[in-house]
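Undergrad: So the protein lines, in turn, are chains H and P. Per numbering that gives the first Met the number 0: the first sequence = residues 0 to 388. Per numbering that gives the first Met the number 0: the second sequence = residues 0 to 388.
To be clear, the hints were calculated from the coordinates, so they are not data collected in a lab. Note that the structure is a prediction, hence the values are computed from the model and not measured. A virtual CB, placed ideally from N, CA and C, is assigned to each residue, including glycine. Do not rely on the hints blindly, as some may be mistaken.
Part of the chain P face toward chain H, derived, beta carbon under 8 Å [what the hints assert, rightly or not]:
1. M0
2. P28
3. V39
4. T64
5. N107
6. A218
7. L270
8. H293
9. L371
10. V373
Straight line, CA to CA, 25 Å or less: simulated SDA-like cross-link-like pairs of lysine to any residue [as the list claims (entries may be wrong)]:
11. K335/P to H44/H
12. K65/P to H44/H
13. K219/P to D135/P
14. K335/H to D52/P
15. K351/P to P5/H
16. K65/H to Q3/P
17. K65/H to P29/H
18. K65/P to L328/H
19. K116/H to H44/H
20. K49/H to S36/P
21. K297/P to K219/P
22. K17/P to L328/H
23. K297/H to L371/H
24. K17/P to C47/H
25. K116/H to G114/P
26. K49/P to K228/H
27. K228/H to P4/P
Computed Cβ-Cβ distance ranges for the label pairs, DEER-style [stated by the list, open to error]:
28. L388/P to D1/H: 32 to 38 Å
29. L388/P to T363/H: 39 to 45 Å
30. T229/P to R227/H: 18 to 24 Å
Number of protein chains: 2
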Amino acid sequence: MDIQPPEVLKSPLVVPAKTLMGPGPSNCPPRVLQSLSLPVLGHLHPECTKIMDDIKEGIRYVFQTKNELTLAVSASGHAGMEAVLCNLIEPEDKVLIAVNGIWGERANIMASRYGAKVVRLETAPGTNFELCQFEDAISKHRPVLLFVTQGESSTGVYQPLEGLGLICEKYDCLLVVDTVASLGGVPFYADRWGVDAVYTGSQKVIGAPPGITPISFSAKAQKRIFNRKTPVKVYYWDMTILGDYWACFGNPRVYHHTVSSTLLYGLREGLAMVAQEGIENVINRHKQCALRLHDGLKAIGVELFVSKESARLPTVTTIKVPENIDWTLITAYAMKHYFLEISGGLGPTVNKVFRIGIMGYNATNDNVDFVLRVFEEGLDLAKNKSSKL
Amino acid sequence: MDIQPPEVLKSPLVVPAKTLMGPGPSNCPPRVLQSLSLPVLGHLHPECTKIMDDIKEGIRYVFQTKNELTLAVSASGHAGMEAVLCNLIEPEDKVLIAVNGIWGERANIMASRYGAKVVRLETAPGTNFELCQFEDAISKHRPVLLFVTQGESSTGVYQPLEGLGLICEKYDCLLVVDTVASLGGVPFYADRWGVDAVYTGSQKVIGAPPGITPISFSAKAQKRIFNRKTPVKVYYWDMTILGDYWACFGNPRVYHHTVSSTLLYGLREGLAMVAQEGIENVINRHKQCALRLHDGLKAIGVELFVSKESARLPTVTTIKVPENIDWTLITAYAMKHYFLEISGGLGPTVNKVFRIGIMGYNATNDNVDFVLRVFEEGLDLAKNKSSKL
């Protein structure tokens with residue numbers, strides 16, 4: 000052998016049990032974690048395809064849709080964004096992207112690579128858009144597609160969507176919504192609201208591990224995909240064939256790729272737990288926890304980054320870093336002494352905010368109180384430049 | 000709620016423990032399965048990036064390379080193929096694809112979608128290529144890239160690679176090798192053999208679950224990626240940024256996507272087990288098992304699909320379906336009575352062959368004897384159209 004077995008692989012695997020209260024991943028419930036150790040199944044075994052069918056039903060439930068083309072992409076939430084864009088965009092298409100944080104920026108990059116002419120609709124980080132802003136931009140630019148992020152995890156902003164579908168329909172524009180960080184934390188109704196494509200993260204409110212991404216397309220979006228003039232660039236995300244592997248179109252299943260049965264187990268169990276609790280209860284639990292967190296933060300004397308109350312995302316709370324405080328001292332303190340994750344900013348909020356996530360299994364009063372206590376401790380120590388940090 | 004919680008999610012998850020002796024996935028060893036239930040880690044936590052570093056070393060070991068740009072893609076083996084092709088191909092590039100089964104066909108489709116002018120080098124399913132065929136085609140067409148499958152799992156064919164790197168170098172052609180079904184079952188030396196890009200499956204000999212895919216690029220391939228005239232179409236697989244997330248270029252890590260720590264654990268443990276045994280011993284174990292299987296099959300009186308002995312892939316054995324036998328009776332018998340997977344053909348071998356996989360944890364004499372016994376039983380019953388099927 001030219002290359003010898005690496006020494007690092009002789010050491011044992013070390014995985015501490017942390018409390019993940021950043022913007023995700025969140026902790027998986029024990030039921031989900033246990034399912035991950037079940038034996039691997041073949042990608043076309045009936046027990047595996049049964050689980051895929053269960054998952055489709057679960058995804059339809061959490062998205063509140065009857066969409067035929069509903070499945071989970073075998074990749075991270077990021078890939079959900081790319082899968083939607085590469086299926087719906089053809090070269091030279093004009094697309095409108097709402098940018099108020101990192102996810103709009105990412106969608107802009109991806110859409111451009113697939114040949115789209117991107118028009119950006121922008122608002123300052125920490126704020127959301129008014130419906131009329133969307134209508135003005137759509138009527139002016141007449142894009143084939145509008146991309147909106149329901150929960151901007153980089154800024155902690157919630158984007159209301161009611162009424163947007165009607166505007167899009169009026170101008171024959173597809174409505175694409177990123178719900179990675181919002182789904183299960185705020186209401187979402189794909190069908191009622193006229194959403195044409197949506198994806199979410201498995202590792203946030205749903206409580207499954209990352210690596211598998213729920214996605215759904217309306218009949219209108221599906222038709223557009225099947226009527227493309229050019230093939231979808233990415234074979235791995237080509238819904239015309241991936242949809243057949245997931246038995247979305249009533250045809251016999253066709254091998255497309257080797258799905259990770261391990262991740263299917265986790266996603267299936269996560270969705271089953273959401274269904275068991277009832278998504279309206281899940282949403283309400285997140286709302287209550289967020290209010291408790293916001294009240295607690297006010298009591299501590301820190302300021303939320305999102306000033307408009309209705310624009311605050313329950314799942315990810317952004318807190319302004321107080322003046323003359325080194326934010327890294329607090330996040331490091333929480334991790335070092337409590338294995339608790341509190342995050343810093345991302346993209347436009349780097350060095351400006353803390354981010355506290357309340358998602359899924361972690362959305363409990365106990366966890367909110369825990370994170371508040373540790374945050375306050377850390378903040379006090381940082382103010383005093385304490386040696387206990 | 001418009002859509003009610005689905006009934007199917009009220010039933011428990013059912014995952015039987017099978018013996019997977021088709022062309023993959025294979026069974027994961029207990030050490031790997033146990034690791035999958037460990038708590039999820041954040042994608043930039045030091046414990047997580049430590050595991051990523053361990054994995055890079057493990058991948059370098061199994062590929063026998065010192066390549067800087069070595070990492071695991073967060074998607075199935077299929078995506079490994081696409082990630083390599085979309086990074087190395089620019090529109091109008093001429094590429095040569097060796098086709099002797101389904102994987103060459105897939106590479107052809109993918110390369111075409113990325114705008115390549117594809118030249119096909121073909122040989123009949125069940126046969127492999129001679130070095131001179133490659134050289135003739137390369138010198139004639141002068142492609143920028145040659146795609147070869149080391150182990151064609153659809154036909155059970157092994158493609159020797161020694162000497163091919165020198166030919167490619169002579170004509171300034173990148174050598175891309177698919178080792179999804181072969182790595183760990185036959186020797187592979189990326190550096191010694193002059194391979195420019197290679198990927199493999201996690202769920203075969205390595206014994207991890209599917210969904211994460213080892214990949215590596217030579218310095219020459221890396222340079223080509225950084226000197227592209229057009230950006231890589233797929234952001235998710237863009238090695239210029241994904242390589243930074245995996246800390247391949249000596250820069251600070253940059254967030255790219257949320258890696259599945261669950262799959263990292265499994266891959267890390269699978270690689271650690273290969274390193275512990277020593278890859279040369281792993282290869283030898285597969286060779287011995289394959290010979291035992293082939294001898295047993297001869298004793299049963301069936302014929303191997305690959306007539307040339309040196310062209311037989313140890314990891315996937317293809318067996319001609321005897322005349323007047325319904326092959327599905329035998330595979331169904333094995334599954335129904337023993338939860339044992341034996342597969343039928345794929346692509347060019349559909350209805351023509353059985354496929355028996357010997358991979359990783361399942362590459363033992365006991366398993367070979369088990370599959371031989373069940374196969375013979377099933378065949379006898381099928382011949383007699385027995386009611387015991």
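Undergrad: For each hint, tell me whether it holds in the structure or not.
TA: Cross-check of the supplied hints:
Because the beta carbon of M0/P sits about 6 Å from the nearest beta carbon in chain H, less than 8 Å, this interface hint is met. Because the beta carbon of P28/P sits about 11 Å from the nearest beta carbon in chain H, more than 8 Å, this interface hint is broken. Below 8 Å, beta-carbon pairs count as interface contacts, and V39/P has one with chain H at about 5 Å; its hint therefore holds. Checking T64/P against chain H by beta carbon gives a least distance of about 7 Å; that is within 8 Å, so the hint holds.
A least Cβ separation of about 11 Å between N107/P and chain H goes past the 8 Å threshold, and the interface hint is therefore violated. Using the Cβ-Cβ criterion of 8 Å, the hint placing A218/P at the interface with chain H is not satisfied: the shortest such distance is roughly 16 Å. This hint holds: L270/P has a C-beta 6 Å from the nearest C-beta of chain H, less than the 8 Å allowed. Restraint check, H293/P versus chain H: the minimum CB separation of about 23 Å is more than 8 Å; hint violated.
With 8 Å as the threshold, the beta carbon of L371/P stays out of range of chain H, its nearest partner Cβ sitting at about 20 Å, so the hint is violated. Among the interface hints, the one on V373/P is violated; its C-beta lies about 16 Å from the nearest C-beta in chain H, farther than the 8 Å criterion. A distance of roughly 12 Å separates the Cα atoms of K335/P and H44/H; the hinted pair therefore holds under the 25 Å criterion. Simply put, K65/P and H44/H have alpha-carbon atoms about 38 Å apart, too far for the 25 Å limit, and the pair is violated.
Pair hint K219/P plus D135/P holds up; C-alpha atoms about 23 Å apart against a cutoff of 25 Å. Simply put, K335/H and D52/P have alpha-carbon atoms about 22 Å apart, close enough for the 25 Å limit, and the pair holds. Our distance criterion of 25 Å between C-alpha atoms is broken by K351/P and P5/H, whose separation comes to about 43 Å. Distance hint between K65/H and Q3/P is fulfilled; the C-alpha atoms sit about 11 Å from each other, no more than 25 Å.
For a cut-off of 25 Å, the pair hint linking K65/H to P29/H is broken: about 30 Å separates their Cα positions. For the suggested pair K65/P and L328/H, the alpha carbons sit about 38 Å apart, so the restraint of at most 25 Å is broken. Using a Cα cut-off of 25 Å, the hinted pair K116/H and H44/H is violated, with the two alpha carbons roughly 43 Å apart. Simply put, K49/H and S36/P have alpha-carbon atoms about 22 Å apart, close enough for the 25 Å limit, and the pair holds.
Between K297/P and K219/P, the direct Cα distance comes to roughly 45 Å. Violation of the 25 Å bound is thereby established for this hinted pair. In summary, the hint linking K17/P to L328/H is not supported, as the alpha carbons are separated by about 50 Å, beyond the 25 Å threshold. Proximity of K297/H to L371/H is assessed by CA-CA distance (about 11 Å); at most 25 Å being required, the pair is judged to hold. For the hint linking K17/P to C47/H, the alpha-carbon distance of about 12 Å falls within 25 Å, and the restraint holds.
Simply put, K116/H and G114/P have alpha-carbon atoms about 20 Å apart, close enough for the 25 Å limit, and the pair holds. The suggested pairing of K49/P with K228/H is violated, with an alpha-carbon distance near 45 Å, which exceeds 25 Å. At roughly 38 Å between alpha-carbon atoms, K228/H and P4/P are farther apart than 25 Å, so this suggested pair is violated. The supplied range of 32 to 38 Å is broken by L388/P and D1/H, whose beta-carbon atoms lie about 50 Å from each other.
A beta carbon spacing of about 53 Å between L388/P and T363/H contradicts the range 39 to 45 Å that was offered as a hint. Roughly 21 Å separates the CB atoms of T229/P and R227/H, a value that falls within the hinted 18 to 24 Å.
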